[in-house]
Amino acid sequence: MKRPDNTEMDRLLHRYARRNNETLRAGREQSDGQDANNPTHLDADELNAYAEGALPESARARYFAHLADCDTCRKLVTDLTLAATIADEQKAHLASAASSPSKSWRDWLAAIFSPPVLRYGVPALALFAIIVVAIVATRTRRDASFVAQRDEAARDYAPSATSNSNSSSEITTTSTTTESQAHSNTSSNAAAPAQQQNPTAQTNAAGSPVLKKDETIVADTPAVAQSGAVKSAEEPSASNSKQPVPGEAGKSIGESVTVTSAAPPAPVLSTPMAVTDNKDKREERKRPQDAGNDDVAKSSTNAVGGATSNETEVNSARTVAGRRAASRAVQNLPATKPASPPKSEAINLDTEKERDTETRTVGGHKFRKQGSAWVDTAYKSSLSTINVQRGSEQYRALIADESGLRTITQQLGGEVIVVLRGHAYRFY
Amino acid sequence: MSQTNAHIQKLVNEGTTRLLARATDARALDVDALVTRVRAALDKYLLSNEANAPAQAINEFMDALHADDLCLIVACERGDQQAWSDLVAQFGATVRSAARSASSNEDAAEDLAQSIWAELHGLRVREDGRPSGKLAYYSGRGSLGGWLRAVVGQLAIDQHRKSSRLVQTEVDADFDRLARESHQGEESFSITSAPPDPESALADKSAAGDVEAALAQALTELAPEDRLLVKLYYFDGLRLREAGAVLGVHEATASRRLTRIQGEVRVRVEAILMKEHGWTQAETGRSLSEAAMNLEGDLELMLTTENASVEKQAGLDEQV
Chain A
1 MKRPDNTEMD
11 RLLHRYARRN
21 NETLRAGREQ
31 SDGQDANNPT
41 HLDADELNAY
51 AEGALPESAR
61 ARYFAHLADC
71 DTCRKLVTDL
81 TLAATIADEQ
91 KAHLASAASS
101 PSKSWRDWLA
111 AIFSPPVLRY
121 GVPALALFAI
131 IVVAIVATRT
141 RRDASFVAQR
151 DEAARDYAPS
161 ATSNSNSSSE
171 ITTTSTTTES
181 QAHSNTSSNA
191 AAPAQQQNPT
201 AQTNAAGSPV
211 LKKDETIVAD
221 TPAVAQSGAV
231 KSAEEPSASN
241 SKQPVPGEAG
251 KSIGESVTVT
261 SAAPPAPVLS
271 TPMAVTDNKD
281 KREERKRPQD
291 AGNDDVAKSS
301 TNAVGGATSN
311 ETEVNSARTV
321 AGRRAASRAV
331 QNLPATKPAS
341 PPKSEAINLD
351 TEKERDTETR
361 TVGGHKFRKQ
371 GSAWVDTAYK
381 SSLSTINVQR
391 GSEQYRALIA
401 DESGLRTITQ
411 QLGGEVIVVL
421 RGHAYRFY
Chain B
1 MSQTNAHIQK
11 LVNEGTTRLL
21 ARATDARALD
31 VDALVTRVRA
41 ALDKYLLSNE
51 ANAPAQAINE
61 FMDALHADDL
71 CLIVACERGD
81 QQAWSDLVAQ
91 FGATVRSAAR
101 SASSNEDAAE
111 DLAQSIWAEL
121 HGLRVREDGR
131 PSGKLAYYSG
141 RGSLGGWLRA
151 VVGQLAIDQH
161 RKSSRLVQTE
171 VDADFDRLAR
181 ESHQGEESFS
191 ITSAPPDPES
201 ALADKSAAGD
211 VEAALAQALT
221 ELAPEDRLLV
231 KLYYFDGLRL
241 REAGAVLGVH
251 EATASRRLTR
261 IQGEVRVRVE
271 AILMKEHGWT
281 QAETGRSLSE
291 AAMNLEGDLE
301 LMLTTENASV
311 EKQAGLDEQV
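Chains as they are written, first to last, in my numbering: chain A, 1 to 428; chain B, 1 to 320.
Don't take every hint at face value.
[As the list claims (entries may be wrong)] Keeping only pairs whose Cα atoms sit at most 25 Å apart, straight-line, the calculated DSS-like set for lysine-lysine is:
1. A:K91 <-> A:K75
2. B:K10 <-> B:K44
3. A:K75 <-> B:K44
4. A:K75 <-> B:K10
[What the hints assert, rightly or not] Now the stretches of chain B that chain A is said to cover, found in silico as 3 or more residues with beta-carbon under 8 Å:
5. 49-57
6. 108-119
7. 258-268
8. 285-292
It is worth saying that the hints were derived from the structure and are not from the lab.
Heads up, the beta-carbon is just placed ideally off N, CA and C, and yes, glycines get one too.
Bound-form chain B, shown alone:
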């Protein structure tokens, strides 16, 4: 292991040298100033997953780092005033635009953009001894502009959380509580007014609720990547092209994958329903199509599933 480690360190040193040579402005940095950074990035993104990654992969990883961006950030971290003003000059616009898109109004955006620079520099030291400045965490793997955007985004979310906690009134809290309670009361299903026939409505509700519960379970059983696609497409409402971009695949691939996932989810849902509720294949299919067909009107759902509920009721009577 130590041999391997020494071997890797040698590769990293060589890679860092190449990186400095590649940079158009090395900002008077030497290999020692950068080598820990490069090693950290390598560990984080490559070696933690592939401990025995071949030398070629390691070299490729290092050669793909953004040399100039990394040099600029490291120089800033070391207190290079020129580097700092270069950073502000080059990326001030990026930070402002990211702040605007992450904020609800212009004033908030301005505050956010200003607070970013302090966050980057990190005047304080964290409790665990690590530097609090965000600059320390830029690996050079992605572009500096993108990284700054990500930092702004995270900061915006943090600030929003804090402010919303302060701003939220008791009335809002009450409403939220009421909403939660009502959802829990309905087994997180129907939100319509009380139907005329409580008995059949209850049966329908439970049937549809069963379908929904099975659906939720089926989704958790999906492969992470497939689950991510489902979340992006259905929950976040992204278009296939956008979801594909997030997944790093083409739109057509995302479309094919989604079709496959739909089939998979159906199979799983059916299996769960049949196993847990003892439904037959036909019952399951009918329940699924009924649940799917009655998205808009629960009254309609009630009418169409009346037969099913009657059957169920008869079954219960027999058991009694």
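The following block holds chain A by itself, in its conformation from the complex:
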């Protein structure tokens, strides 16, 4: 209760003083005349003695009243007191400076260990050192993680992948004619039924090895990948080109797989599948693949009666295709779609060098070229991926929400994977 009272009085006194000073200034002439005749003004000696505190206490007290009431004397005393204080401080400073001119290095040492330096300088230095160490540590750790990933990828996949890629590239080149023939046959004879049957048939067949690795949801995707592969092989046949159109393959997959929750996107999945196949399921894969091919053959026979002459050809082509399904996936799909970094690196060894150099930074995101796709460097296969078709309603909504995405999708053509707030968005 005492404090607010005092604050009130403080403010009241301030205002009263201000007002009083204004009045005083206005009527200075009069009061000055009175002051000049005031016999009780302090003389210079009194003013000075008072200001320097050189008076006995009794004499000092005598001047309080006059100083309180006489603005002129009070001002003089104030000026003198402050001047005397400054003079004293200077004198003390000079004395201290004069007393220790020879101890220069000792002073310097003392200055280093002086309280202000210890209190502020040393913590600041320590903080700076910590920051530097942290920056260096994080940078080296990031480099190390890259090395580890690469090493791991190379160790896991190098034997199979390299041999596979070498052999597959040879084989594909040699067998493209037969394949294309086989596919053209299939497409011409059993195009519609095969397209319908393939997904189910191959889900049963090719899906089984994958089941060991992933959840049932994923089981669909290999089939899709396969069907995509098949389809991509079918469509070129119509246009008489051996290589599938990347955009078409991607689109077909995009159409069939809209959202794969809690799993990497379809193109990414297809590659691991293929890799797994390549790596250790080669033997296993043969049988189901053959079985699948049989089914396909059967279904096609069912669908297209009298196409038995093609059956053997298809079968043989299928086995070849089945054997090289992985290689095809590797050759065709990754060319159009991104894959998870370590595995794609292992697979696309030949393009790795090129990819490393191809990075772009758009809208605060750093993208790495993987195949024909741009993949956010922050992308991890564990992230949930949302597929968004360019120009779709979802796409427009996203662009509207995130203007950064617009620039990214505008500047980066083709397939783009952007990591945004813990989600991966795949634009195609």
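With chain A fixed as given, assemble chain B onto it according to the hints.
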């Protein structure tokens, strides 16, 4: 009394002898030349307040005098040319700096510094027969440098008074007169434009004016030292450290003292208001806080005190 006086004179003689011995340069002065000075200082600062001061206090007083400074000034007064040039050489810089800080411009400072030496020497004799030279009034109690500063300061004020009287034009005088009149008209309170409701505004004005008048009275009732602190802090706008230095106390002491003074002033103001205007404790408290809260806007003051004025009006009606 005469015995005491003789005793004191003996002490002064001894003290002056010690003083001369203490001085590094006595400037060929003897005890007789100084003894009147020392006695005058003793009378002025000690014996006028404590007529029966003990011998120890007298000796201490004399031993605290600035021996060299006093010798220099006395020698100057006696026409010692060497002392005079020493004084100018030693304190020329001090005088110039004091003149600069006391003057508005460089030319005025130079004039002031030059006129100081003439003032010190005192070529004329005052009407009452005492020497007009300022040198005669240096007691040696404070430092010579400080004393010279004080002399310069006083001279500057004198000169300013003279010059301002000459310079001041009629227009200025008119403005001042108008300002004074307007302040008087407002009972030295509000300086705002006319409020929309003259009745309540008048009541508010008188209430706030009452508070202010009580405040002024309370301040005059304070102890001189406390009043000095209030003047230094509130009126001169010094910081607590500076105000403390002027009072010769530490900043913390000044702060504590100020808090106590605020409480004291409040008690006095409340007492005055209740006694002179018959306000109740609650009314007084409210008026004080209202006056304090409405430093900036008188409109706000008007609105918040409307109730009070209505009550007052009702009271007046009843009386009628």
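| said: Check the structure against each numbered hint from earlier and tell me which ones fail, lowest number first. | reply: 4, 6
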